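Student: Note that the protein sequences, when read in sequence, are chains D and F.
Just so we're aligned, residue 4 is where the first sequence starts under this note's numbering, counting upward by one.
Just so we're aligned, residue 39 is where the second sequence starts under this note's numbering, counting upward by one.
Simulated from the structure, these hints should not be mistaken for laboratory data.
None of these values were measured; they are calculated from a predicted model.
Glycine is no exception: its CB is placed at the ideal position from the N, C-alpha and C atoms.
Hints may be right or wrong, so weigh each one.
[As the list claims (entries may be wrong)] The following residues of chain D were derived to be distant from chain F, with all beta-carbon distances above 10 Å:
#1 Arg9
#2 Ala45
#3 Arg46
#4 Pro49
#5 Ala66
#6 Ala71
[To be verified] Simulated restraints on C-beta separations:
#7 D:Ser50 <-> F:Glu60: 37 to 45 Å
#8 D:Gln39 <-> F:Thr185: 34 to 42 Å
#9 F:Arg55 <-> D:Asp40: 26 to 34 Å
#10 F:Gly186 <-> D:Asp40: 35 to 43 Å
#11 F:Ala48 <-> D:Ala66: 40 to 48 Å
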Amino acid sequence: MTDRDRLAAFLSTDPRDGGCDEALALLHAYADAYLQDPDEAARHRPSVAAHLAACGPCAEDLAGLLAAIAPR
Amino acid sequence: MPAAPDPDSAEWLRALRATGSERLAAERRLHTLLLGAARAEVARRNVRATIPGAELDDLAEQAADDAFMSVRRRLGEFRGESRFTTWAYKFAVLEVSGKVTRHTWRRPDRAVGVEDWSALRGRLGLQPEAASEWHELLAALRRAVDTGLTPLQRSVFVALMLDGQPLDVVAASLGASRGSVYKALFDARRKLLAVLVAGGHLTAGEARR
């Protein structure tokens with residue numbers, strides 16, 4: 004990947020991205036669904052999935068929640 | 039549409055809405071769960087190098103207390119979209135997230151008001167070579183940032199991409215939500231890409247990749 008590609012990739016946005024507010028409001032529902040089937044969770048809530056793929060802090064919060072609810 | 043909660047979640051709701059000793063016992067159980075989740079999240083975020091152990095314990099306890107208050111206050115908002123405990127844990131994770139970020143971020147040692155555009159290379163993971171092409175692209179990007187963005191979008195771009203401030207730190211300093219700061223950067227990125235493509239600095243194909 005060239006520098007131009009990297010810059011273009013950074014500037015590119017996913018129109019399905021629903022933003023932090025929606026993702027955080029649904030994070031608990033997404034996390035329970037993700038634990039069952041990550042692909043199905045993404046299919047069911049594409050705007051949340053698109054956001055979590057782009058937003059580091061929200062993705063880190065999902066990782067924390069998944070760690071909290073993971074079966075021990 | 040609200041879903042009927044699963045039996046365990048329904049029992050949590052019933053006990054937390056009860057009175058007297060039953061409610062107190064449920065609240066104690068909930069606080070214990072939230073404290074465990076907050077401590078685990080603090081440990082998972084691996085910030086022991088930047089926050090002393092005693093402060094980490096305080097941070098986890100404060101996060102658990104704040105999460106507990108949020109759950110109590112917002113009990114009526116639980117819609118059964120997840121297990122009750124997942125919904126409650128979310129508050130603990132988000133409290134730890136915000137507190138750890140604000141606690142650990144330190145402003146780089148540089149003069150206030152000086153924008154370090156060279157920092158963008160590292161931030162985007164760009165290669166040290168190909169400097170001449172990059173200089174041209176950077177100059178076009180900088181012009182677009184200076185002339186094409188709103189004052190808020192520009193402030194957010196500079197704070198996140200040049201200063202390297204975490205999103206939650208920028209949000210706190212602006213008195214805004216994480217969502218509104220993310221949206222400002224999202225809109226800024228869209229505008230900047232359009233300007234760079236229109237100016238022939240990037241191709242439409244590169245923009246779609």
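Student: With reference to the structure, classify each hint as holding or not holding.
Tutor: For each hint, the structure was consulted:
With 10 Å as the threshold on Cβ separation, the claim that arginine 9 of chain D sits away from chain F is violated: the shortest Cβ distance comes to roughly 5 Å. At the 10 Å boundary, the C-beta of alanine 45 of chain D stays outside the reach of chain F, the nearest C-beta of that chain being 16 Å off. Every CB of chain F is more than 10 Å from the CB of arginine 46 of chain D (nearest about 16 Å), matching its label as outside the interface. Every beta carbon of chain F lies more than 10 Å from that of proline 49 of chain D, the smallest distance being close to 16 Å; the non-interface claim holds.
Annotated as non-interface, alanine 66 of chain D brings its C-beta within 10 Å of a C-beta of chain F; the closest such distance is 8 Å. Here alanine 71 of chain D does not stay apart from chain F, with its beta-carbon only about 4 Å from theirs, under the 10 Å limit. Hint check: serine 50 of chain D to glutamate 60 of chain F, Cβ distance near 40 Å, so the stated range 37 to 45 Å holds. Taken as a hint, the range 34 to 42 Å is violated for the pair glutamine 39 of chain D and threonine 185 of chain F, whose Cβ atoms sit roughly 48 Å apart.
Against the hinted window of 26 to 34 Å, the Cβ-Cβ separation of arginine 55 of chain F and aspartate 40 of chain D comes to about 32 Å, which satisfies the hint. Glycine 186 of chain F and aspartate 40 of chain D have their C-beta atoms about 42 Å apart, which keeps the hinted 35 to 43 Å range intact. At roughly 28 Å, the beta carbons of alanine 48 of chain F and alanine 66 of chain D sit outside the given window of 40 to 48 Å.
The structure is inconsistent with the numbered hints 1, 5, 6, 8, 11, although it conforms to all the rest.
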